[in-house]
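Novice: Here the protein sequences line up with chains A and B, keeping their order. In short: position in the first sequence from 1, add 6, done, that's the working numbering. In short: position in the second sequence from 1, add 6, done, that's the working numbering.
It should be emphasised that the hints constitute simulated quantities derived from the structure, not laboratory data. Keep in mind that this is a model prediction, so the values were computed, not measured. Treat the hints loosely; a few may be bogus.
Interface residues of chain A toward chain B, partial, derived using beta-carbon atoms under 7 Å [unchecked claim]:
1) Val219
2) Arg279
3) Leu290
Think of the CB as a built atom: it goes at the ideal place given N, C-alpha and C, for glycine as much as any other residue.
Number of protein chains: 2
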Amino acid sequence: MIDVAMFSFNKLVVIGVGLIGGSLARALREQPGIGGARCVIGVERSAAALAHALALGVIDEALTGADEAALRAALTGADIVLLAAPVAQTGALLERIAPWLEPATLVTDAGSTKSDVVAAAYAMLGAKVGQFVPGHPIAGRETSGVGAALADLYSGRNVVLCPLPENTPEAVGRIAAMWRATGATVHEMSSAQHDRVFAAVSHLPHVLSFALVEQILGSPDAALKFSFAAGGFRDFTRIAASSPEMWRDVCVANRTALLEELDAYSAVLAHLRAAIDAADGAELEAIFARSREARSVWQPGSSPA
Amino acid sequence: MIDVAMFSFNKLVVIGVGLIGGSLARALREQPGIGGARCVIGVERSAAALAHALALGVIDEALTGADEAALRAALTGADIVLLAAPVAQTGALLERIAPWLEPATLVTDAGSTKSDVVAAAYAMLGAKVGQFVPGHPIAGRETSGVGAALADLYSGRNVVLCPLPENTPEAVGRIAAMWRATGATVHEMSSAQHDRVFAAVSHLPHVLSFALVEQILGSPDAALKFSFAAGGFRDFTRIAASSPEMWRDVCVANRTALLEELDAYSAVLAHLRAAIDAADGAELEAIFARSREARSVWQPGSSPA
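Bound-form chain A, shown alone (with noise of 0.2 Å):
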């Protein structure tokens, strides 16, 4: 039962209709009895994507984004403004907003990655970064577009806020409320620690099974390998088939805190690898034992640790 007595709201943009930010819409235009005269404005650098919205009546009005005096225009008097555009794109429309941005309209993104969102909202928005609370919404789907938007995608999903010192606890407040409205749960951490968090458990496994594929690609053998490839295969290598430019912007804009996991990674192979050579079974069966146990009792939202 979602409190929406909590979230009311009178305008709403949206940059980037995608799936992330047509749910977004779409979940709190459905919810029943929210007050407020409930605009939603879709930018869009895809005119396909902003029409499919419109006839989904996802968003009221579309905005192809190019336009500087209608960008100004759906700003004037917007209460939040959600960025769900690719992350990398994210510093320059924090540079096209923050002339337009009143001093009542809140910011805040869906990007995977937060420290280069934080570092791109000091450096584009100055005095006025309090305005910006950065967030990331987990949740997903394997397909993308306003056409995959679902009113129920973030209902039991974490949304994780990572607060400014700038954000008076009013601001933090608002965006978490509108994220509580869609059925998500808000959880707040620094920007580091999210993308350290995110860089373990999502990232790093990205980037190692991309590598394994790449790896069978590459071995003279690589059809025979293929062919007799089965079930532990197909698991390890199913994030495999993900977006590349999706991961190319994480992998970059991540750099820092994936380089850490990666090599605290090697270090752990290092040495499962030493134990192989020596044929130290004793060693290989207790950190197999160790890694079973934890993986066994492991559920989504819960911790063995």
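Since the structure of chain A is already known, use the hints to place chain B on it.
Specialist: Frame of chain A, contents of chain B only:
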């Protein structure tokens, strides 16, 4: 439609009556119209497993394996002996059965590594090594033990045979016919090739998956990391819940091929690390796109390479 006329037997001895051995016994016993007396003898260290196998009708006679006279009696007149105990026991089992192997008896195994099994066969069987046809059925379930054995476990699955120069074509053909009678497709390759292929697509991914859980467990913010791990982590680490004992044995038995694959993988990872460190988006995207293309078109039994 399986041509069951291609395979008949009088006496099958299964050493290790778990999922793998039990499923072969069930498949062969439950084929309609197979000729011969179809007596299946189960040999097992676990009295409970033997009693369970008898109760399920998987085997006709049970032998705990400690009694030499009983083992000799079991092997007398045996058509085929399948070694389906943990692969680390293969050498000791071959040594025990060697004195009692009659010239007409064929021996095969189900071990997931082959070079070590072949070395044990030469060491333990001596002049009788031609009676041993090394094999590896590529099948498994999350559950183990004879209670999980299925008559159709091998239906549509692959079985790899790694014939020895000492094997006659008739011996290889008879073991192949046995597996085909279970519905499996039989392939032949050298044991070295087998071990390289499975090191790459099975053994290495298991090591990499165990290593990720081990790394997170050892990090200062392990609990936070596990609690935000989601679908990518879940799939990548599913195989980290595998049997520590089995994977210890596989890593030790196949360490030569596994270390080669691990070193090749580490080289790919070092290349990716350099690209991440240099923020070389173009190189990262090229590698990710190659992997994604290959993984997207891959299906079990096919090759995109």
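Novice: Confirm or reject each hint.
Specialist: Now the hints, each set against the structure:
The interface hint given for A/Val219 is met, as the beta carbon of that residue sits about 4 Å from the closest beta carbon of chain B, less than 7 Å. At its closest, the beta carbon of A/Arg279 sits 6 Å from a beta carbon of chain B; the interface hint therefore holds under the 7 Å criterion. With its C-beta approaching chain B no nearer than about 5 Å, A/Leu290 sits inside the 7 Å limit, and its interface hint holds.
Checked against the numbered hints given earlier, this structure breaks none of them.
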